[in-house]
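*Asks:* The chain contents come next:
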Amino acid sequence: MMVRHGKTVLFFIGLTLWAAQPVLAAEGKTLQIDGSTTVGPLGDAFAEVFKELHPDVSITVKKTGSGDGAAALIDGRCDIAMMSRFMKDKEFQQAVEKGVFPVAHVIAMDGVCVVVHPSNPVTELRTEQIRDIYMGKITNWKELGGPDMPIVPVSRDTSSGTYESFHSMVMHNEKMAANVEYVNSNPQAHARVRSTPGAIGYVGIGFLDRYVKALKVDGVMPTRSTIAKGIYPVSRPLFLFTNGYPKLGSIIHAFCTFYLTEKGQEIIEAKGFVPVTEY
Amino acid sequence: MTLWRQIKNTLFTALCSGSVLFLAATLMIFLLPMLWKGSKAVFFRKTVEFDKMQKELFKRGHAEDLERRTAQTNQARQEALALLEHFSRGIDTALLSREVRSAYQQLGRHLRYLEVSDDEYARLREQAKDIRDAFLQALETTDKAEAESLLDTVDAQQTNPRFQNSPFEVVFSLSKQYRQILQEIDLSRRPEYAAELDIVKTEMRNLFGPLPGESIPPLPQDRFGATRWDVAQRHLQYLIYQTKWVPSGKDDKRLIPKQIRRDDPEEGIFGKTELAPLFSMVEQNLAAMLQPRPTIYWRYFLDDSTAGHYFGGVGPEVLGTLLLTVLSMCFAVPLGVLSAAYLVEYAAGGITTRIIRTCINTLAGVPSIVYGLFGLAFFVLLAGNPSILSASMTLALLVLPVIIRASEEAIRAVPQSYKEASLALGAGKFRTFLTVTLPAAGPGILTGIILSLSRAAGETAPILFAGAVALGPIPDIGLHLKWLFQPTRALSYGCYDITVGDRLAMQVPHNQFGMVMTLILLVLLLNLAAVLLRWRMSKKLQGL
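For the protein sequence lines, the chains are A and B, in the order given. Residue numbers for the first sequence follow this note's numbering, so the first one is 2 and each next one is one higher. Residue numbers for the second sequence follow this note's numbering, so the first one is -15 and each next one is one higher.
Think of the hints as simulated: they come from the structure by calculation, not from any bench. Treat the hints with care, since some could be wrong.
As the list claims (entries may be wrong) - So, partial list: chain B residues that the calculated Cβ filter (under 10 Å) puts toward chain A: (1) Ala60; (2) Ala140; (3) Arg146; (4) Asp206; (5) Leu220; (6) Tyr222; (7) Pro241; (8) Ile244; (9) Val350; (10) Pro471; (11) Asp481; (12) Thr483; (13) Arg487.
Said to hold, decoys possible - Okay, derived cross-link-like pairs now, PhoX-like style, lysine-lysine, Cα gap no bigger than 20 Å in a straight line: (14) B/Lys160 - B/Lys113; (15) B/Lys242 - A/Lys214; (16) A/Lys214 - B/Lys228; (17) B/Lys466 - A/Lys30.
Positions of the beta carbon are idealized from the N, C-alpha and C atoms, including for glycine.
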């Protein structure tokens, strides 16, 4: 019996050595996509349809945030980086220093919608008012024509692309007040506003539903057409970044131009985003 | 004095048992609701749409049986869908306008093949264009009188012989149809109707899949109706009731929700229209339209899923987690046991050993994300891309301290007399360790392995960068070992992924909790296996 256990140990040691020896990975056609959690669902859906069109390609999708997407592209850890904001100067500089030349593909538009609880009678805010709320200058809905109820401002975490968009387009890069609550994802922001009558938050247009109420910003309702035309003040493009413009006919090229096809546009709409062009 | 001691003892006993009970209760409070919600991913009432989905996406089920049920349910749905289609023609004029436009285009093609002079051709095209524009204008306007006078100009051309028996003739029958619709609806409320009809249509799609005449949606999630009876019930509520937020009447200006039936004769938006019967029709016949029956979807643990985990199961995640856990144990156990053996048997009790021990203890307390970043900086950037190999090596590093500590204690606990007996019989140091010390320390080492197994299976942070993906191919396990260099899906990362990002997850809470349940069950199962092994081992040891 003891000998048998000895053998087991030897077997494990052997297995370790055997597994650890360098084995060359076969270079099949692979496509690695990494980045934003906002663009992630689009990447997922594109990949799903792509699997049917190109069965020989293996696609992996990872969602670790816009910032990590950029880092992964610079490190060469992915072929396509999904980003809900443009690359920062610093990221560009790092990329070029490493010999990576990022090219942006705008695949869809997204509106950052300011939402409140449906029981809130307020229907419209100006960007200055929203800024004042997040800077802590306005703290009660009473001041905005609503009920006597303290405002609970909800924001995304500072590393998210949605935060960056909101921060530059609405906040004009002013610092948020200390009473602002930070949440990690769109669903969490949605859940917080849904359950709190006094809350105000911001989510992508795909997250609007019967449980939260979108506000008009500067008199414009966030809808498909106002976002596509850029009339809605907090509209933003969603990007795919590649290293240089992908080689024509390559699988990366096919993926980055998939949004131009009718199927691609239908998927964008089905996922709650706004196509860049009318089809 | 004795009394005081007794009180202290009783208090101590009560505190001990109390904290154990408290722990157990917290565990139950955490685990039971999760398991209960998660079990709904496996035990639920499926509808005919579920079978359709299984047939199309997973190629399983009886074709004939499904065809029969599809025919039955289609028949039950027919009336409601026809009603919806007829009503939406008046509201959603896009369909009518498309038909008029296409009739005009076809007329052009038709005329080109007839022997008509160029003059005649141009004149007819001009006439047809006027008719088309009048019709389109009639569709646009919200003034009933204007619409009717525009339709009059359309109908005036009906007797034109050139249009008779041409593709353009259909325009006149469309005009008759639209005239009838005009009598039934209130044009001024059309935008309001259109918005509500949009919701009704969406909910009908959610219940019964794409409406008749619609093309097949590109994403599988939109191709089927409600696959589960609980989901169907929810969408039925959304279909029938409209939530209006109205002033509460009190001073604080807050709005309160008011549920209104869409077919309510007084307040409901469709109460006075011909769409009204639709709602009670669907409400009463929903069972016939969907044919719910209870099912046990045990394949949930094996099936692949569609993007965002809308349909399907957690098969690839389970496989990935098992691979990662087992592989990381293959790395960590031999390394851990050998280091422990060195620390106990060979290392002198000097300052170096003490430093090494402190290092190991510190390593055990390092947050897991640090291991993840180390894995990214070391294994991934070294190997080129994230893979099962780099992820399991990172996990191995994470559990190594636990295994070393446990093995060290276990090996130290082996009585010196065992080893001396072996040595006295002439066995060497290596042989003694392999045949005497190790088996005797086995149960203790296994305890360490049990602890680290669950940890390795459940950790997200170390594999986040090192080899886990949200969507990717299933590893094709085989002797060729290529799968070692592919990234994989894993349960722990899947749980994270399904909670952030996709709005789909909000619609499929059963799958969300299902994945958590699978992870808990898997960890329990791995633990159970290890506990059984340990029990057998120590039983044999006692027999020695």
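*Asks:* Now look at each hint and say whether the structure bears it out.
*Replies:* Results for each hint:
1. Ala60: violated, 27 Å
2. Ala140: B/Ala140 check fails; min Cβ-Cβ to chain A is 35 Å, beyond 10 Å.
3. Arg146: violated, 35 Å
4. Asp206: Since chain A brings a Cβ to about 6 Å from B/Asp206, closer than 10 Å, the hint holds.
5. Leu220: violated, 15 Å
6. Tyr222: holds, 8 Å
7. Pro241: holds, 7 Å
8. Ile244: violated, 13 Å
9. Val350: violated, 21 Å
10. Pro471: holds, 5 Å
11. Asp481: holds, 6 Å
12. Thr483: holds, 7 Å
13. Arg487: holds, 5 Å
14. B/Lys160 - B/Lys113: holds, 19 Å
15. B/Lys242 - A/Lys214: holds, 15 Å
16. A/Lys214 - B/Lys228: holds, 12 Å
17. B/Lys466 - A/Lys30: With Cα atoms ~14 Å apart, B/Lys466 and A/Lys30 stay inside 20 Å; holds.
Figure legend: structure checked against the earlier numbered hints; hints not met, in rising order: 1, 2, 3, 5, 8, 9.
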